[in-house]
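Colleague: One letter stands for each residue in the lines below.
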Amino acid sequence: MKPLPAASMHIALALLDGELHGYALMRRVEELSGGAVRMGAGTLYGTISRLLERGLIVETTDAVDREEAERRRYYELTADGRVAAITELERLRMLVSRVDHHLPGTAPA
Amino acid sequence: MISRTYRLLLHLYPSSFRADYGEDMVALLEDQLRDENTLRVVSRSVVDLAITVPIQHLEPYMRRSTTSVLVVAFVSIAAAFTVFGGPVGLAGAVVLLGLSVLVWQRSRPDHPPTANWWRFMLGGLGLLGILVAVTTATGELPSGGWYLAMATLFTSFGLIAAGIILGIASRFRPRAA
Numbered sequence: 155m156k157p158l159p160a161a162s163m164h165i166a167l168a169l170l171d172g173e174l175h176g177y178a179l180m181r182r183v184e185e186l187s188g189g190a191v192r193m194g195a196g197t198l199y200g201t202i203s204r205l206l207e208r209g210l211i212v213e214t215t216d217a218v219d220r221e222e223a224e225r226r227r228y229y230e231l232t233a234d235g236r237v238a239a240i241t242e243l244e245r246l247r248m249l250v251s252r253v254d255h256h257l258p259g260t261a262p263a
Numbered sequence: 002m003i004s005r006t007y008r009l010l011l012h013l014y015p016s017s018f019r020a021d022y023g024e025d026m027v028a029l030l031e032d033q034l035r036d037e038n039t040l041r042v043v044s045r046s047v048v049d050l051a052i053t054v055p056i057q058h059l060e061p062y063m064r065r066s067t068t069s070v071l072v073v074a075f076v077s078i079a080a081a082f083t084v085f086g087g088p089v090g091l092a093g094a095v096v097l098l099g100l101s102v103l104v105w106q107r108s109r110p111d112h113p114p115t116a117n118w119w120r121f122m123l124g125g126l127g128l129l130g131i132l133v134a135v136t137t138a139t140g141e142l143p144s145g146g147w148y149l150a151m152a153t154l155f156t157s158f159g160l161i162a163a164g165i166i167l168g169i170a171s172r173f174r175p176r177a178a
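As given, the protein sequences belong to chains W and F, one line each in that order. Sequential numbering from 155 applies to the first sequence in our numbering. Sequential numbering from 2 applies to the second sequence in our numbering.
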């Protein structure tokens with residue numbers, strides 16, 4: 155499987171815990187990256203649009219009853235999206251492990 | 002004020018993207034303004050707009066398949082050959098049209114263009130017939146009319162040639178089971 159582009163990877167990983175709406179997704183990406191990745195609205199929704207098109211995420215807004223104040227659009231990973239996210243996670247783990255193996259001393263204390 | 006300006010700036014995006022996500026993007030900006038430093042949110046949004054507006058406009062073109070690009074390129078070069086290349090150019094144009102038909106046919110096995118060969122033939126013959134009728138009726142053509150007549154003649158030849166190529170290709174096309 156081809157690696158996901160960076161923004162797609164961050165969103166897929168952020169959705170591993172379950173459905174989120176746009177703003178919560180943005181905050182989750184920021185949290186998971188330790189504040190290093192802060193997406194703007196155009197990047198976030200552009201990436202969401204691509205992931206929806208590829209069938210990796212799905213909108214779940216109407217899947218459950220929500221209060222009127224919570225009528226935001228929610229998204230969650232599809233089965234394919236979960237596989238893609240876990241594959242990305244494995245790829246990152248393998249990359250870190252290889253770098254650690256080849257360059258001893260680079261692992262955090 | 003910031004939200005209103007941002008809403009206006011969203012018109013820089015393609016209308017379909019704006020229709021799908023415009024309201025969500027404004028809501029997201031308002032959430033950020035509520036929770037973060039205004040200057041930071043505004044500067045991030047400006048940079049985001051500068052990067053994502055061109056991307057959203059370019060994406061539909063980048064998604065087009067290589068096949069479509071090849072067919073368009075072949076047909077464009079064939080048209081240029083027909084207009085500027087004389088008899089040799091016309092022969093080159095026929096070859097290029099043949100190539101574009103093959104590429105197209107390979108990419109869309111369920112909707113072969115070869116099935117429409119008679120339309121091309123009919124169009125070319127119709128255009129040629131109109132040209133003959135008009136030149137016979139008007140006699141000698143003025144200089145401007147001569148260029149128009151030549152362009153029409155080459156177009157009709159091109160259509161007839163495409164019809165012949167498509168017709169031949171349809172004969173060699175394997176039939177669906």
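Among the hints, a few may not be true.
Stated by the list, open to error - If you want the footprint, here are the derived chain F segments under chain W, 3+ residues with CB under 8 Å:
no.: 1; stretch: 11-21
no.: 2; stretch: 25-32
no.: 3; stretch: 147-159
These are calculated hints, taken from the structure and not from any lab test. Glycine included, each C-beta is placed from N, C-alpha and C at the ideal position.
Colleague: Given as covered by chain W, does the stretch 25-32 of chain F meet the bar of three residues or more with CB within less than 8 Å?
Modeller: holds (count 6)
Colleague: For the stretch 11-21 of chain F, does the count of residues with a C-beta closer than 8 Å to a C-beta of chain W reach 3?
Modeller: holds (count 3)
Colleague: Checking C-beta pairs, does the stretch 147-159 of chain F have three or more residues closer than 8 Å to chain W?
Modeller: violated (count 0)
In summary, the structure is inconsistent with hint 3 from the numbered list given earlier, while agreeing with all the others.
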